[in-house]
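A.B. asks: Residue strings, one per chain:
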Amino acid sequence: MNISHEKLDNSLGKTLLNISSKLENILVGIGKLGAWLSLPLIAIIIFDIISRKFFVLGSTKLQEMEWHLHAALFLLALGYAYLKNSHVRIEVIREGFSTKLKAILEVIGVVLFILPYTGLIIWFGIDFVSRSYGMNEVSSALTGLSHRWVIKSFVPMGMAFLWLAGISVLLRNISYLIGLKNNNKALMDTSQSMAPELANATEILIKDVQVEENK
Amino acid sequence: MTIDFVTLLPIFMFLTLAVLLFSGFPVAFVLGGVGLGFGFLGIAFDVFSFIEFFNIVSRIWGGVCENLILVAVPMFIFMGTMLERSGVANDLLYCLQVLLRKVPGGLALSVTIMGTIMAATTGIIGASVVMMTLLALPVMLDRDYDPSLATGTIAASGTLGILIPPSIMLVIMADLLSISVGTLFLAAVIPGFLLAFIYTVYIYLRTKFNPKLAPPLPDDMGPKTRTELWKMIFKSFIPPIFLIMCVLGSIFAGIATPTEAAAVGALGSILLALFNKRLTKTVIKSVTERSALTCAMIFGIFIGATAFSYVFRSLGGDDLIHHFVESMGLGSWGILFFMMGMVFLLGFFFDWVEITLIVLPLFAPILATLDFGTHLDPTMVIPWVAVLIAVNLQTSFLTPPFGFALFYLKGVAPSSIKIQTIYKGIIPFVILQLVGLILIIVFPELVLWLPTKLLD
Numbered sequence: 000m001n002i003s004h005e006k007l008d009n010s011l012g013k014t015l016l017n018i019s020s021k022l023e024n025i026l027v028g029i030g031k032l033g034a035w036l037s038l039p040l041i042a043i044i045i046f047d048i049i050s051r052k053f054f055v056l057g058s059t060k061l062q063e064m065e066w067h068l069h070a071a072l073f074l075l076a077l078g079y080a081y082l083k084n085s086h087v088r089i090e091v092i093r094e095g096f097s098t099k100l101k102a103i104l105e106v107i108g109v110v111l112f113i114l115p116y117t118g119l120i121i122w123f124g125i126d127f128v129s130r131s132y133g134m135n136e137v138s139s140a141l142t143g144l145s146h147r148w149v150i151k152s153f154v155p156m157g158m159a160f161l162w163l164a165g166i167s168v169l170l171r172n173i174s175y176l177i178g179l180k181n182n183n184k185a186l187m188d189t190s191q192s193m194a195p196e197l198a199n200a201t202e203i204l205i206k207d208v209q210v211e212e213n214k
Numbered sequence: 000m001t002i003d004f005v006t007l008l009p010i011f012m013f014l015t016l017a018v019l020l021f022s023g024f025p026v027a028f029v030l031g032g033v034g035l036g037f038g039f040l041g042i043a044f045d046v047f048s049f050i051e052f053f054n055i056v057s058r059i060w061g062g063v064c065e066n067l068i069l070v071a072v073p074m075f076i077f078m079g080t081m082l083e084r085s086g087v088a089n090d091l092l093y094c095l096q097v098l099l100r101k102v103p104g105g106l107a108l109s110v111t112i113m114g115t116i117m118a119a120t121t122g123i124i125g126a127s128v129v130m131m132t133l134l135a136l137p138v139m140l141d142r143d144y145d146p147s148l149a150t151g152t153i154a155a156s157g158t159l160g161i162l163i164p165p166s167i168m169l170v171i172m173a174d175l176l177s178i179s180v181g182t183l184f185l186a187a188v189i190p191g192f193l194l195a196f197i198y199t200v201y202i203y204l205r206t207k208f209n210p211k212l213a214p215p216l217p218d219d220m221g222p223k224t225r226t227e228l229w230k231m232i233f234k235s236f237i238p239p240i241f242l243i244m245c246v247l248g249s250i251f252a253g254i255a256t257p258t259e260a261a262a263v264g265a266l267g268s269i270l271l272a273l274f275n276k277r278l279t280k281t282v283i284k285s286v287t288e289r290s291a292l293t294c295a296m297i298f299g300i301f302i303g304a305t306a307f308s309y310v311f312r313s314l315g316g317d318d319l320i321h322h323f324v325e326s327m328g329l330g331s332w333g334i335l336f337f338m339m340g341m342v343f344l345l346g347f348f349f350d351w352v353e354i355t356l357i358v359l360p361l362f363a364p365i366l367a368t369l370d371f372g373t374h375l376d377p378t379m380v381i382p383w384v385a386v387l388i389a390v391n392l393q394t395s396f397l398t399p400p401f402g403f404a405l406f407y408l409k410g411v412a413p414s415s416i417k418i419q420t421i422y423k424g425i426i427p428f429v430i431l432q433l434v435g436l437i438l439i440i441v442f443p444e445l446v447l448w449l450p451t452k453l454l455d
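Here the protein sequences line up with chains U and Z, keeping their order.
Per numbering that gives the first Met the number 0, numbering through the first sequence is continuous, rising by one, with the last residue being 214.
Per numbering that gives the first Met the number 0, numbering through the second sequence is continuous, rising by one, with the last residue being 455.
One or more hints might be untrue.
Straight-line Cα separation of at most 25 Å, BS3-like style, residue types lysine-lysine; simulated pairs [as the list claims (entries may be wrong)]: (1) Lys31/U / Lys280/Z; (2) Lys276/Z / Lys234/Z; (3) Lys234/Z / Lys21/U; (4) Lys21/U / Lys99/U; (5) Lys31/U / Lys284/Z; (6) Lys211/Z / Lys101/Z; (7) Lys423/Z / Lys207/Z; (8) Lys21/U / Lys184/U; (9) Lys101/Z / Lys230/Z.
Output of the computed footprint for chain U on chain Z, the stretches with three or more beta carbons under 8 Å from beta carbons of chain U [said to hold, decoys possible]: (10) 16 to 23; (11) 61 to 71; (12) 140 to 147; (13) 186 to 196; (14) 320 to 326; (15) 346 to 356.
Derived by calculation from the structure, the hints in this document are not laboratory data.
Given the structure is predicted, the values throughout are model-derived calculations rather than measurements.
The beta-carbon is built from N, C-alpha and C at its ideal position, and this holds for glycine as well.
Produce the entire structure from the sequences given, and follow the hints as far as they go.
C.D. replies: What follows is the structure, encoded as C-alpha cells:
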C-alpha cells in the first residue's frame, strides 16, 4: 500500500506506518510466492501416481518431496495470513468492541502472545535445524531425500516471518491509536485502511466473495 | 491424588485459554501464547523445564510437517477453492434449479443437493455458509420463497459439508485419532447422505402441502431446446459430480491414498475450469493465494494446539482428565454423552478447526477405553464416535440462539431478514438433525456397515 505522506502530519505515526507497510509488502510477497507451491505439489503427486503405476520407480523421494512442499507452503504463509487477517478469531464478543478497544487488544495480543511464542519456536527451531545440519541428517528411509536441514529450516523461518508480521500489525495498530489520541483523522483512516483486523469481520467476508464474483 | 495448585495447573490452563479466546485474538496465537505462559509457570513450580520447549518444535515437525496424510488438506482446499472461484459451483446451482423447476420446493432442493455435492469443498463453516447465502438467498427471495424456509435450508446445507466426504475435517480427525482416512470417509457416507435425504423429504413434503412457501420457478427458465438442456447438463452438472465420484471412488476402491485422490481432485478442478474457459491467470493466482491463506489458518491452529497440548500434558492434564472422568463413574455410555454434550456446547462458539484440534486430542485416550459391549464391534468404536461428533458438531452450529452458522447467515443476509426468521426456519432442521443423530446412536450399523463391507 502507498501512503500519501503529506496528509498524515504526524512524523511518528508516519514512520510507524511506513515501516509497517514495507514489512507487509515483503511478507505478503513471500506468502504469495510460497502459495504457488501448490501447483508443483499437484504435479509431483500426479507424477508419483503415474510413474508408480507404469514404470515402477522408487517413489520415496517423490513422497518426501510432497510433504516438503506442503510444509513450506503453509509455513511461508503464516505471516501473510496474519497480515490479511485470515487466522480465525472468536468474534462473538469482539464484534461489539469499539475500533479503539480492538486496536488495544491487538497490540496486547501481539506483545503477549505472538512475539514470545514465535520467538521461542524460532530459538529452539534454530537449535533443531543446526542439530540436523551438524549430523548431516538424511531421510530415515534408504531411498529418501538428503539434506533434511533445508526443509527443517522452514520451521524457524516461517515463524520468523510470523514474528515480523506481528511487528507490522503492531505498528499499524499503534499508529491508529496515535492518530486517535492526537485527533488526527488522516492518520487514523490510513492506519485503519491498512488493518483488516480493525474492520468488521462479516463485511470482509462479503467483500471478499463479491470481489471474486465480479471478476 | 492430592489437590493443590500445581496439580490443578492444567485446569487453570484450560480456563485461561477459554477466557482469552473470547478476546477475539487469533485462536492459533492464543493457543501458543497460553501454552508458553503455562510452560513458564510450570518452570516456576518445578514441574516443567525450559529445555522441554525444544520438544514442541520436534512435535510440530513430526505431527504437522513430516506427515504425508495431511498433504491431502491443502489439495482438497485447492480443489474446493478452484471449483468455487471458477464458477463451477455457480453453474451447478443454476443447472439444478432448471432441472428441479417443476418439483415443489425445487429451488430449496437444489440448494440442499448443491450443499451435498459441494460438501467436498468446505473449508471452514463460516466461509461456506457465507458463500451459500450469497449464491442462493437472493435468488430464493426473488422467487418469493418463505424467508424462514430459505434461510433454514441454506444454513443446514451449508454446514453439511463438514460431514460428507471428502471433508477436510474428517482427514484431520482421522489423523488425530490414528485411524485410516478411508475408513472414516466410508463411515461418514451413509450418515451424511441420510441427513441430506431427510432434508429433501422434509422440504418436499412441507412445500407440497404448503406451496405458498415456495412458489414454483417459471417453466420457461433455462435453455429452450432439449439439446441445449442436455448440453447444459453435460457442461455444468456431470463434470463436478464425476470429479467428486472419482476422488471418493479411488479412495474407497483402495486405488489411491486420500492424498493422491485429493491431488487428482485438484488437477480435475483445474481441468474443469479450463474446460469452462475460466482458467485465467487471475483465477489461478486468486485460487493459490486463497488456498495458502486457508492452509496457514488451519495449520497455524494445528501448531498452536501442538504447543498447548504438549505443555498441558507435561503438567499432568491428561491424568487429571482421566481421574476426573473416572471419578464421575459414568460408564462408557455416560462418558460418551458427557463428551457429546461438551462438544455441542463448544460448537456454539468455535468452528470445527478449533474443536477437533484442541478437544479431540484430550479425548482420544479416553475414547480408546470406551466399551459398548455388543452394541457395536469394539474395533469400530472410534470411527463411530468420530462420526457422532461430526453430526453433533453440525447440529450445534445450527442450534439457536448461539449456533454460529446462523450468525454468519444473518451477517450477509439482507437486513429485512430478522434473526427470529432464521431461528424459526432452522428449528425444523435441528429436529431433523437430532433424529439423524439418534438413529446413528441406536443403529451403529448406519456408520459401520459400509466400512466393514468394503474394507474386508
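A.B. asks: Can you name, in rising order, the numbers of the hints this structure does not satisfy?
C.D. replies: Structure breaks hints 3, 12, 13, 14.
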